[in-house]
Structures are given as C-alpha cells and as structure tokens.
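Colleague: First to last, the protein sequences are chains U and L. Under my numbering, the first residue of the first sequence is numbered -19, with each subsequent residue one higher. Under my numbering, the first residue of the second sequence is numbered 452, with each subsequent residue one higher.
The reader is advised that the hints may include incorrect statements.
To be verified - Listed next, the in silico BS3-like pairs over lysine-lysine satisfying Cα-Cα at most 27 angstroms (straight line):
| hint | chain 1 | residue 1 | chain 2 | residue 2 |
| --- | --- | --- | --- | --- |
| 1 | U | Lys94 | U | Lys121 |
| 2 | L | Lys656 | U | Lys125 |
| 3 | U | Lys359 | U | Lys305 |
| 4 | U | Lys322 | U | Lys305 |
| 5 | U | Lys23 | U | Lys84 |
| 6 | U | Lys84 | L | Lys656 |
| 7 | U | Lys271 | U | Lys359 |
| 8 | U | Lys360 | U | Lys271 |
| 9 | L | Lys656 | U | Lys94 |
| 10 | U | Lys359 | U | Lys369 |
| 11 | U | Lys85 | L | Lys523 |
| 12 | U | Lys277 | U | Lys317 |
| 13 | U | Lys131 | U | Lys86 |
| 14 | U | Lys364 | U | Lys277 |
| 15 | L | Lys488 | U | Lys86 |
| 16 | U | Lys305 | U | Lys341 |
| 17 | U | Lys131 | L | Lys454 |
| 18 | U | Lys271 | U | Lys305 |
| 19 | U | Lys121 | L | Lys656 |
| 20 | U | Lys269 | U | Lys341 |
| 21 | U | Lys121 | U | Lys85 |
| 22 | U | Lys131 | U | Lys121 |
| 23 | U | Lys121 | U | Lys200 |
| 24 | U | Lys124 | L | Lys656 |
Hint data in this document are derived by calculation from the structure and do not stem from the laboratory.
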Amino acid sequence: MRDISDDKDFIIEMQNVSKLYGIRREEAFSMLRKGADKEEVHKKTGVVTALYDVNLKVPRGKIFVIIGLSGSGKSTIVRSFNRLNRPTRGKVLFDGVNIVDMSKKKMREFRREKIAMVFQSFGLMSHRNVLGNVAYGLEVKGIKKQEREAKALEAIELVGLEGLDESSIDSLSGGMRQRVGLARALATDPEVLLMDEPFSALDPLVRDDMQFELLSIQRKLEKTVIFITHDIDEAFKLGDTVAIVRDGRLVQVGTPEEMNANPADEYVERFIESADKAKVMTARNIMIKPKGMVRLKDSVDRALRTMRRHGLSSVFVVDSKLEVKGVISLTEALRAKRKGLKIADVFERDVNIVEPDILVKDLMPMAIDSAYPITIVDKKGRLKGIVTKASVLSCLMMHSNEEQEEDNTHI
Amino acid sequence: MDKIFEFPFIINFDSEFVDGLVRGFAANNSGFFDSVKSALTALVNSINWVLGYIPWFVMIAIVFLAAWRAQKRLRSGIMYAGLMFIIGLFGLWELMNLTLSIVLAGVFIALLIGLPMGVLISAFGRLNKTVRPILDMMQTMPVFVYLIPAVIFFGMGSASAVIATVIYSMVPAIRLTSLGIRQVDAEVVEAGRSFGSTPAQLLFKVQIPQALPTIMTGINQTLMMAMSMVVTCSMIGARGLGNEVLIAVNRIQISRGFIAGGAVVILAIVLDRLTQGWFDSEESLKG
Ligand SMILES: Nc1ncnc2c1ncn2[C@@H]1O[C@H](COP(=O)(O)OP(=O)(O)OP(=O)(O)O)[C@@H](O)[C@H]1O
Ligand SMILES: [Mg+2]
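Just chain U, same shape as in the assembly (with noise of 0.2 angstroms):
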C-alpha cells in the first residue's frame, strides 16, 4: 500500500517560498502577508505573484506529483529546485542545504551530480545524436569519452531504445524522443528527477506507455521523481503524494487516496471530480443518430410509414430548417388519419432538447420523466442526435460500478 505519511524521511523541503516578478516586490509582500489575492496584487502593483508562501516537503525515493491549472506556479516550483528560478524569498534545502544562496560552481556541481530534469518540449539538441544528448550530462562533469558512452549506452537500454544510439533526434518520434530526454537525465545517476509536463506533448496512447515506463524505472530505481502535471488522471496514476497548487500557494498535499477521501477544498474537489468519468460524459457521448424523422407539412401517412419501416412509436418533427419542433407518436398519427387531421394538429410540442455538452448525470430526471427519447440539437436548433432513456441509465450504472470496484482495491 502506498503510504507516506508515517515517513519521516524526507529529500527536498521548502520553507515560505515566494517568487515574485515586478519591481514593487515590497509591496506586494505586504499586500499579500494581508491577505491580498493574486490579481489583486497584480491590479494595484504590476507584481506578479508565481509563488507565495510555499512550504512542502518532497519524501525520498517516491513520485511526489505537483498539479494544477496553467499559471499556478507548478513550473516556478519544480524549477525552483535546480535553481532555473531563484526564490524571492525562503529556502529550498536539499538534505538539509539550502540551494537558494549557493555559489555559482556550488550550484553547477550540485545540478551535475544530484539533480537531473527532463523538459517538456524535451529540450533536446539537434546537432547531436542520441548518445551525445544522453552522455550530455556526463561530458559537462568531465567524464572520460569511453566511460560516459558506455553509461550512457546503459542510460539508452533502461529506457528501452537500445540499437539507436546512432540515431539524429530528428528521425525520432514524439514518445522516443522523450525517452531520450529521460535517458539524458539518468545518465548522470541523480537523486532526484525533475519532470516538467515531460508527457503533454505526447499523444494519449503513446502518454500511457510513457507512465508504465517511468512508474516501472522508477520503482526499481528508487529515484526521487517531481512530476507537474496539469492532468489529474495523471497525478493519480503515478503519484506517490500529490500537491495540489493554485494561484501560487499550496492548497492541498496527500496520497491521492486521501485527496479522494477529503478534498481541501472546492478546487481540489473540481480536480478529482475531473478524474470522475461518469461525471464527465456528456450527451455527445452517448447520443445515437435518429433513425427518422417528418417534416411538419409531410402527410400523415408518410408519418405512419417512417414508423413502420424503421420499427418506431415516434417520430421527431422537424421544420423545413431542419428544427426540431416536437414528436409524434404512433397513436396520434393513428388517431389524425382516422379523423383527417395533419401533423401540425396533433404533434406533442413539449419535448425535451438539449444540447450536447450537457452531463450525462443532469440528463437523469428528464430521462425518468419523459416518455421520448431526448432530443440533442446543435446551437441552431438542428437534430444532432437522440438520447434514449436506457442509454442514460445504463452509462451511470456501468460508471458507479466501476467506482465501486476501485473502491475496494483501496481497501
């Protein structure tokens, strides 16, 4: 079970990190130490504020992942630790060691044997090959030409590309290219792995295969990993401990089983919410083609024949735009050719249409209540499709069940 919070252990820690960028940093400090908010000091003093007051602890030899939305400070943090950003104010201590006032050639053998980043472009050079990118780390610390090759070489197998040293950076794809960007950074042994979004710029599969393969590196490892993400599934997946920023301050730090359990608050609750899928269906998810539709000036008895021939007890009526204008079901079409009336006198007006982002959940009491399909229009009224009642019911049933399995895992 994966559980740190009896760990006392701990690698990174940062104590009242801020990072400003603006030349009235005074004021904004006092500004912010009153509790002013992030725009609020951006509105009256220029300053912008990526971090403010950030204090966490990073535990050793686990994935600790940062998430949050785009601009809440989860780069200024990550870069904070290999000093690509320098706080304003607060330590950084790395067992122990404050990072933030080290000397410059401090700072350039601290970043060659402890820490390592991968980017998320992944920041690779072209005019090298896939060995020299990943004995780059290696050549800057000196290191003999036959011995950093062959760690590299060693660097280039773990992340499974052996037999394409040789290769340009150009000929890779997306997925090995950031193998490389990943070998780079273990070539040089560092304790620490920094990954900023290293998989946003991969494809959905190709994403999956990425995070096997970092939690399986990982693991027998042992390294300490600082994954930012902005996708939560993400930050589930791989997480050890996740912390959640926004607006430049810590909202909530835990495993992700007791992020589930309590949120912190509402934005925490809006992330794992996200995470949720049955919550995040929509109706264009389930929505099916309408297998026929009527025209309102069409004759009764064309109404009659769509039925039969597609096997329905209802029809939707649409006008000559193609706007749907309500339902007629087999009785009144019956009942308005017995007594020679057209559709327009007997169609049922008072149907339910919604567009197609609506959430599947918010589609329940109109789906119990009425006796039609749901009908799905675009932003003109057009049909776009139809939710039937059994559809809506079977998408949350399978979804809760699923949450009910994972619940049990966790137990």
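Using the hints, position chain L with the ligands against chain U.
Modeller: Below, chain L with the ligands without anything else, positioned relative to chain U:
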C-alpha cells in the same frame, strides 16, 4: 517669400580642421599603421603565393569535387568547373587569384572580428541595443566613404582594400551570429544549464552548434559582401579583376569590361554555391 525655401542656418563646418586632425592622427601613429599595413600586405601576398602554387587544373578539379559533393549532383560539379575554366580561357586566371587573395584575407579578418563580436552581443541584450545602429550605419554608408580613411591610414594598395572589405563585409557575420545564438530554443539552453554546464560549455557545446546554420548563412553573406567590394577596392589600388573592370571603364572598352565583370560574377557565383551547398549538406547530415 523665397526665404521659406531656404534653410535658415548653416553651420560653418571646418572640414579642413577635422581632416587635418585625422591626418595628424595618422601621421603621429604612422608606426602603428605601417605595421598593420605590412601585416595585411603580407597576409594578402602569402594567400596569393599559395594560390599561385595551385595549378589551374588542380583548382578546377577541386571546384568540381566540392560542387559535386556540396550539391550532390554531377551536373553542378561539371557546370562550376566549366565556369572556372572560362575564366582561365580569357586569360584572367592570375588576376582572379589576386582578387581572391584580397577577398579571402578580408573575409578571414572580418570573421575573426565578427564572429566573436556576434557571440558577445548575443550574450548581452543591452550591448545589442547600442551596437545595432552602428551596424546599420556600417551597412548603409556608401562604400566609397570607407575608402578615404582607409587610404589616409594605410595608403594605396591591398592593405587599404582589405580594411575597406573588412568593415563593409563584417556586418552580416556579427548580425547573424548573434541572431542565431539568441534564437536557440530556450528549453535546449535551459537543459544545458540544468546539467551544470559552465557558461563556456554552454556556448561551445550547445549554443554555437545549435546556431550553426544561421552563423553559416552569415559567413556566406560576408563572403558575398566582400566580393561586391572587388571593383570599389580597385580604386584604392587593389589589383585583380576589379582593376581590369576599372581600366575598361576608363578607356570605354566594352568587351574588356564585360569579360572582367563576367569573371567577377562567375567567381561570386562559384564561391556562393560552394559555401552554401557545403553548409546545406552539413545540415542535411544532421537531419
Ligand atoms: N519570467 C516571468 N516574468 C513574469 N511572470 C512570470 C515569469 N515566469 C512566470 N511568470 C508568471 O508566474 C506564474 C506562474 O508561472 P508558472 O510557469 O510557474 O505556471 P505553471 O503552473 O507552470 O503553468 P503552465 O501549466 O502554463 O506551465 C504565471 O502567472 C506566469 O505568468
Ligand atoms: Mg509550466
């Protein structure tokens, strides 16, 4: 009424005085200028000496092979070799070597100064702002203006020609080097830093190699600018094809002018294609 069309004030610029100052400066430092002059002349002469020891057919063979390799087409090799052959056919081979020695000396020095300057400018954003107008001025100033101080300081001859060529052709090397380096993908540079590179390692292992295609374009342009100075430089005593054109103009000898001019064009085209092709093939090796 006429008054409004006249400029109200005209400063009394004492050009004699300023010129006198410049001349005085030249005279007072004649030791320095003379040694620069003899160094430049020696450079030009030694390049010419080397070129003189390359038999014409060897040179043409080199051009053939280089063009073939650069453009990966046998046809280009034959074409450029043929063009060179034409220069020889019209008896301009030696003059071409003279021109080539001044151009190569000028380009060599322009790059020697321009490339490090470009690197320096790329590293300091503020420097870039101050240097830009100077570079603009260097490029737009009518080239003849460079000839005057060159002659005052270095007298007539190939040394002055080299100096004028250097000043005029250095700009693209500076510009494109600094541009190329500044345009290197920020994430790649950051990756370099994140592995603990020293500034020098970053420069030589990441920034310059990544900027190489752009830098090469700058070098190619420098070469072309230097070629465009050939005739102008002959006015201050540079010998070679340019001088041949100048003589033809003075004597109004149409065919002589066109033949010498044609040779300049051929030389320019061959140099351009060979360098460009070579840089391209460099790039495609990478890709
Ligand atoms: N150099 C800078 N100058 C000014 N503001 C900056 C600078 N770098 C970052 N910021 C601001 O700091 C805030 C946090 O940025 P950061 O890059 O850490 O966000 P992020 O969570 O990584 O976002 P994303 O998901 O888009 O990468 C943002 O509001 C951003 O605009
Ligand atoms: Mg970011």
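Colleague: Which constraints among the numbered hints does this structure fail? Numbers only, ascending.
Modeller: Violated: hints 5, 11, 15 and 17.
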